[in-house]
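Residue 1 is where the sequence shown starts when you use this note's numbering, and the numbers rise one by one after that.
None of these hints come from the bench; they were simulated from the model.
Since the model is a prediction, treat every value here as computed from it, not as a measurement.
For glycine and all other residues, C-beta sits at the position ideal for the given N, C-alpha and C.
Be aware that one or more of the hints could be misleading.
[Said to hold, decoys possible] Quick list of in silico lysine-lysine cross-link-like pairs, DSSO-like style, CA-CA up to 30 Å:
| # | residue 1 | residue 2 |
| --- | --- | --- |
| 1 | 340 | 327 |
| 2 | 386 | 193 |
| 3 | 196 | 340 |
[Stated by the list, open to error] Pair ranges (Cβ atoms, derived):
| # | residue 1 | residue 2 | range |
| --- | --- | --- | --- |
| 4 | 3 | 122 | 42 to 50 Å |
| 5 | 396 | 240 | 46 to 54 Å |
| 6 | 66 | 22 | 25 to 33 Å |
| 7 | 99 | 3 | 44 to 52 Å |
| 8 | 91 | 20 | 33 to 41 Å |
| 9 | 288 | 154 | 15 to 23 Å |
| 10 | 275 | 208 | 51 to 59 Å |
| 11 | 86 | 51 | 14 to 22 Å |
| 12 | 366 | 154 | 48 to 56 Å |
| 13 | 127 | 244 | 29 to 37 Å |
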Amino acid sequence: MDTLPDFLRIDPVSRRVSLDGRNPGFYSDPNRVYALLHQHCPTFYWEEQKQWFFTGYDHVNALLRDRRFGRQILHIASREEIGLTEPEPHLQNFDLAERYSLLELEPPEHTRLRTLVNRAFVSRHIERLRPEIAALAESLIDGFEKDGRTELLSSFADIIPVTMIARMIGIPDEMGPQLLRWSHDYVGMYMFKRTKEDEFAADRSAKEFADYVKSLIAERRHQPREDLLTHMIHTEHKGQYLTDDELVSTTIVLLNAGHEATVHQIGNSVRIILDSGLDPAKLFADEAVTERTVEETLRICAPVHIFQRWALEDVEVDGLAFKRGDKVSLILAAANLDPKKFSDPLAFRPERQEAPNLSFGAGIHFCIGAPLARLELNTVLPILFKRLPWVRIAHPPVVKDVYHFHGLERLDLAW
1 MDTLPDFLRI DPVSRRVSLD GRNPGFYSDP NRVYALLHQH CPTFYWEEQK QWFFTGYDHV
61 NALLRDRRFG RQILHIASRE EIGLTEPEPH LQNFDLAERY SLLELEPPEH TRLRTLVNRA
121 FVSRHIERLR PEIAALAESL IDGFEKDGRT ELLSSFADII PVTMIARMIG IPDEMGPQLL
181 RWSHDYVGMY MFKRTKEDEF AADRSAKEFA DYVKSLIAER RHQPREDLLT HMIHTEHKGQ
241 YLTDDELVST TIVLLNAGHE ATVHQIGNSV RIILDSGLDP AKLFADEAVT ERTVEETLRI
301 CAPVHIFQRW ALEDVEVDGL AFKRGDKVSL ILAAANLDPK KFSDPLAFRP ERQEAPNLSF
361 GAGIHFCIGA PLARLELNTV LPILFKRLPW VRIAHPPVVK DVYHFHGLER LDLAW
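Work out the full structure, taking the sequences as your base and the hints as a guide.
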């Protein structure tokens, strides 16, 4: 049996695991822990989180698609029924912004909202953005190439995804830094280490973000444009239009989900490629090879690790009985490392042709922005390595001290 790190205890018989999610030894290298969980206890009760977690590829893939589980529960049960506490007054703005989030809804509301925005994100529409994404990447590299060094997150990875999703929605480029600040506060709500200060910051930013989106909605009602926000305002589905609250929630989730994970993935991908010692010129030799390289980086260092589901009825999974109202967690990043699906799963092998990664989820909540994220990664990574063929990591990367989102705080490069 492999020696367990001091922040991890596994009892394979009871399937109980004690793991400090805030320990740097874990969040800086979660893959090592996932490998141990796969070895000893792929389905486990995480004592600190008081919840059952699934890491096996087949279980995660099936549960993402299983309609006996859902992203919300209050559409079929009361708070009293399932022992859910009342909403916190200091989070009312955050809760309102989340109320109609595509990530949180179940059919029929989810179907209506997703149908209205889906058209903008299908691959054939997204593909038209390739020249614009490439031009933005080239201009950013122009800005730092001559310096011989750069911090990649702030000079490149942060800027591209937020700029592109903002342009699609119809938000001016100069709002980029403010959108990033709001988004960083907002996603603080999903972290294990969340404090009361984080909650106040998230609520404050949710209000500012919502107020800004409402001002844009009022503008577009009077002056429609060729952008996604105008499309959402003026398009009906079965005789219904989106309400202002629905428009605000949808716009916020598209902005947050449309850049947060891709920022992390650009940094993660560059790091894994440089750490691998493989020749980037070969990894990006043509479109097909580039696509395989990108998918392998998504598999081995996914940016979003956990998604949760409510049991909508009494159900049994992997020998465990769940009652209606129980919550379970699915670790997408661990499913991508299941040794039953991937040979030598901790190795970066872009040539592998095995199961598809689950980094974008599956089922009705499969990431609506996946075509955009893939296009951005397939476009900007080859440009970066072609422009900077001798690039190397200048200092040890600084990993974000969070768990749900796995990414870097800093990635200093030199050439």
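Cross-check of the supplied hints:
Taking the CA atoms of residue 340 and residue 327, the gap is near 26 Å; set against the 30 Å cutoff, the hint holds. In summary, the hint linking residue 386 to residue 193 is not supported, as the alpha carbons are separated by about 39 Å, beyond the 30 Å threshold. Straight-line distance between C-alpha atoms of residue 196 and residue 340 comes to about 41 Å, which puts the hinted pair past the 30 Å bound. Remark: the range hint 42 to 50 Å for residue 3 to residue 122 is upheld by a beta-carbon distance near 48 Å.
Against the hinted window of 46 to 54 Å, the Cβ-Cβ separation of residue 396 and residue 240 comes to about 53 Å, which satisfies the hint. With their beta carbons about 30 Å apart, residue 66 and residue 22 fall inside the hinted range of 25 to 33 Å. Checked against the hint of 44 to 52 Å, the C-beta distance between residue 99 and residue 3 comes to roughly 47 Å, which is consistent with it. For the pair residue 91 and residue 20, the beta carbons lie near 26 Å from each other, so the given range of 33 to 41 Å is not met.
Range check, residue 288 to residue 154: about 32 Å between beta-carbon atoms, so the 15 to 23 Å window is missed. Distance hint for residue 275 and residue 208: a CB-CB separation of about 38 Å, inconsistent with the stated range 51 to 59 Å. Roughly 21 Å separates the CB atoms of residue 86 and residue 51, a value that falls within the hinted 14 to 22 Å. Between residue 366 and residue 154, the C-beta spacing of about 30 Å breaks the proposed range 48 to 56 Å.
Separation of residue 127 from residue 244 is about 32 Å and conforms to the stated range, judged on CB atoms against 29 to 37 Å.
Comparing the model with each earlier hint shows violations of hints 2, 3, 8, 9, 10, 12; every other hint is respected.
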